[in-house]
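Protein chains in written order, with numbering that gives the first Met the number 0: chain E, 0 to 418; chain A, 0 to 418.
None of these hints come from the bench; they were simulated from the model.
Be aware that one or more of the hints could be misleading.
Facing chain E, according to a computed beta carbon distance under 7 Å, are these residues of chain A, among others [as the list claims (entries may be wrong)]: (1) S56; (2) P63; (3) R65; (4) R69; (5) N73; (6) M78; (7) D188; (8) R190; (9) D193; (10) P194; (11) R195; (12) R411.
Beta carbons: idealized from backbone N, C-alpha and C, even for Gly.
Number of protein chains: 2
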Amino acid sequence: MRRTSQRPEVVIVGGGFAGIEACRALARAAVDVRLVDAQNHHCFQPLLYQVATAALSPADVAWPIRAILRRQKNVRVIMARVTGVDAEARRVQTSEFGLAYDYLVLATGATYSYFGHDDWTPFAPGLKHIGDATEIRRRFLLAFERAELVEDEAERERLLTFVIVGGGATGVEMAGAIAEVARQTLQHDFRRIDPRTSRIILIEAGPRVLPTFPAALSDYAVRSLRGMGVDVELNRKVTGCDAHGVSLDNGRIEAATVIWAAGVVASPAAQWIGAERDRAGRLKVNADLSVPGRPEIFAVGDTATVFDHQGRPVPGIAPAAKQMGRYVGKVIAARVEGRPAPGPFAYRHLGDLATIGRKSAVVKLGPLRLTGLVGWLFWSAVHIYFLIGVRNRFVVAVNWLWSYVTFQRGARLIGIAPR
Amino acid sequence: MRRTSQRPEVVIVGGGFAGIEACRALARAAVDVRLVDAQNHHCFQPLLYQVATAALSPADVAWPIRAILRRQKNVRVIMARVTGVDAEARRVQTSEFGLAYDYLVLATGATYSYFGHDDWTPFAPGLKHIGDATEIRRRFLLAFERAELVEDEAERERLLTFVIVGGGATGVEMAGAIAEVARQTLQHDFRRIDPRTSRIILIEAGPRVLPTFPAALSDYAVRSLRGMGVDVELNRKVTGCDAHGVSLDNGRIEAATVIWAAGVVASPAAQWIGAERDRAGRLKVNADLSVPGRPEIFAVGDTATVFDHQGRPVPGIAPAAKQMGRYVGKVIAARVEGRPAPGPFAYRHLGDLATIGRKSAVVKLGPLRLTGLVGWLFWSAVHIYFLIGVRNRFVVAVNWLWSYVTFQRGARLIGIAPR
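Generate the whole structure from the sequences, applying the supplied hints.
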């Protein structure tokens, strides 16, 4: 792809939180920005579990990258899959063409890690993209449909067993939402099965759920989940996933639907440039988030391994990705304009939030700790506020309000053909 | 599947407008109803083109059949694909099990007809199901993305050419909506292409669009479409579709996106029972919509060929399907209860509606004829009113209002994985 001007070219790979913020921070800089993503949309990942559990539609939590950046004239959005980087020649390679850069920002995010067991993937899908969410929704709703039809009692029990692997925020949120759908949304919909008898099992390898939260909030979350009928199993490791269920270190669960919300691994950006990475595949970076030995390449969000001023790892959450993206945009702008670079990246932790169903959440915000309905209202306000685009905020608010009042979920479509 | 009571069993195949209404009309009858559909959702087909053109999400125009019928205790909803009927043994066969019936209602709808050229299907998808709509949306949005990237001028023109085959209501509505997206929604989103230069071509084999409307309204529709930049080609026949475009009786159009909105053919219900059918595959029926020689089998909606009291064919539109479904439900209830049957089915035509973009529609309602903004407001009110479910009405209204005010479309997602 030809250059169109003499200005420095900044290529940003990835239209997630980090990539979009890097782009925006370059709005007034004398550069040409190319934002490359394999998808045409930015996905608001913190609410993806609501698509997977049929409360929201894909378009409520995703927004065309072009529409987000339409007013920023120095950006071109390019829908293409990046396959590699030639760091010597300073070129990004996509499946169809090459793209020269003066500065490169790697914001390619993370994907689920099956701890070396990639063969488990088809039996236990993770939740990273819109397509994952609609696939999980399809499996989970189809399990009830099939349970209504089978004559065999053991098979019916297997169909009504839902296993969520991993007790982080996504696992806790999925377990709570599935319990609500089974116990409330679907309770009058079937004639031969009672969805309220479903087993929802959350499996966590460590001693507590929400390990990054204070222990008291973890305990609260477990109590809330158990009150909703979720079977929370701590200190249990998954040793196998197959078409019939999951094997654990101390037993076996027959389950038609298994959802993976355990470890994450960075996308292969580190391999593209042959740079040093940590165990989770994240690039090691300098204090200005540039890659050692490659001052023109930056890594942000889940692609980089970064520590705060106390030496703790920066968590893989949206606010952290945004802060890194914004910071790198400023660093590049300063370099291009010959201004002194800003100081080293300093992560500011705003808090931790996780919801546990329709009217309960746990929130840690500095010294503030909220639980129950107050936590849930706070959580809702924050998420609606951060959704990109006024329309999305409004539609999501309407859908939530509706679900809250009626216990109904609007997006209960089982996809047969691709949708 | 075993019988669960001594009451007569009514099996309804298809959860479209006709099937749902037949079901509802049996709510107070002493029968057990089984509604069988391969999908879990009822689709509001008249608005499907709005999903295909990214204005609405799939869940805005589709609703779980179970949720619609949850309060009707004598109905079981069965998600299964019907593969045949043994009319002698009175059994419906699905891909997994058989289902005995005392009364059978065939409400299986129609699909697009390629006039014997089924090999055109992959190049020119029709619009009948949610999956068709998201596939058309994907192709149509992807064409702009690719046009932004190609260097070859002829290929760029081909990517920015959109052909709609068939000038009935669906074709007119698709052409108008695509023109709006290209001319307004996307106008600021690209840097190398100008979406406003897209060619949108509506091809109709007959002498006018909307052939069931009065000629003056057809003319108005053509003038409106041309005013929006749609190239309306009348009296032209498609002779071939391939991966590069369409061939016509008098020429050739290179186009990356072709949408089929021409003839329809009934689903194979007539073949299942080996009964007489018309040229479009629709079952010939008695005055009470039962199949000749099979008084226990009824055909409704697009599955049957029915005439009004003046001998004109009943059109394949939602109000007609609903009237037939409701009528057959009443006939079965009367027979079961030993009451005299209602008189022969009499179709009551309520009117014709078609929209031509964001603020124009044509409406014929008895002596009343509306065009322009007044027609559009009337059209909107009618469609919102008939959408099943209060929530859907409200969300659709919000989305329309938003699109109207901002020219934006919310559901612009290109699916890569199945969604």
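Now for the hints, and whether the structure bears them out:
1. Annotation: interface hint on A:S56 holds; nearest CB of chain E at approximately 4 Å, less than 7 Å.
2. With 7 Å as the threshold, the beta carbon of A:P63 comes within range of chain E, its nearest partner Cβ sitting at about 5 Å, so the hint holds.
3. Proximity of A:R65 to chain E holds as hinted, the smallest CB-CB distance being about 4 Å (cut-off 7 Å).
4. Of the supplied interface hints, the one on A:R69 holds, with its beta-carbon coming within about 5 Å of a beta-carbon of chain E, less than 7 Å.
5. For the restraint placing A:N73 at the interface with chain E, the shortest Cβ-Cβ distance is roughly 10 Å, beyond the 7 Å limit, so the hint is violated.
6. A cut of 7 Å between beta carbons decides the hint on A:M78: the least distance to chain E is about 4 Å, and the hint holds.
7. The restraint placing A:D188 at the interface with chain E holds, with a minimum CB-CB distance near 4 Å, inside the 7 Å limit.
8. Among the interface hints, the one on A:R190 holds; its C-beta lies about 5 Å from the nearest C-beta in chain E, closer than the 7 Å criterion.
9. Because the closest C-beta pair between A:D193 and chain E is about 14 Å apart, greater than 7 Å, the hint is violated.
10. Among the interface hints, the one on A:P194 is violated; its C-beta lies about 11 Å from the nearest C-beta in chain E, farther than the 7 Å criterion.
11. Here the hint on A:R195 is broken, as its CB sits about 14 Å from the closest CB of chain E, past 7 Å.
12. Taken as an interface hint, A:R411 checks out: its beta carbon lies about 5 Å from the nearest beta carbon of chain E, inside 7 Å.
Comparing the model with each numbered hint stated earlier shows that hints 5, 9, 10 and 11 do not hold.
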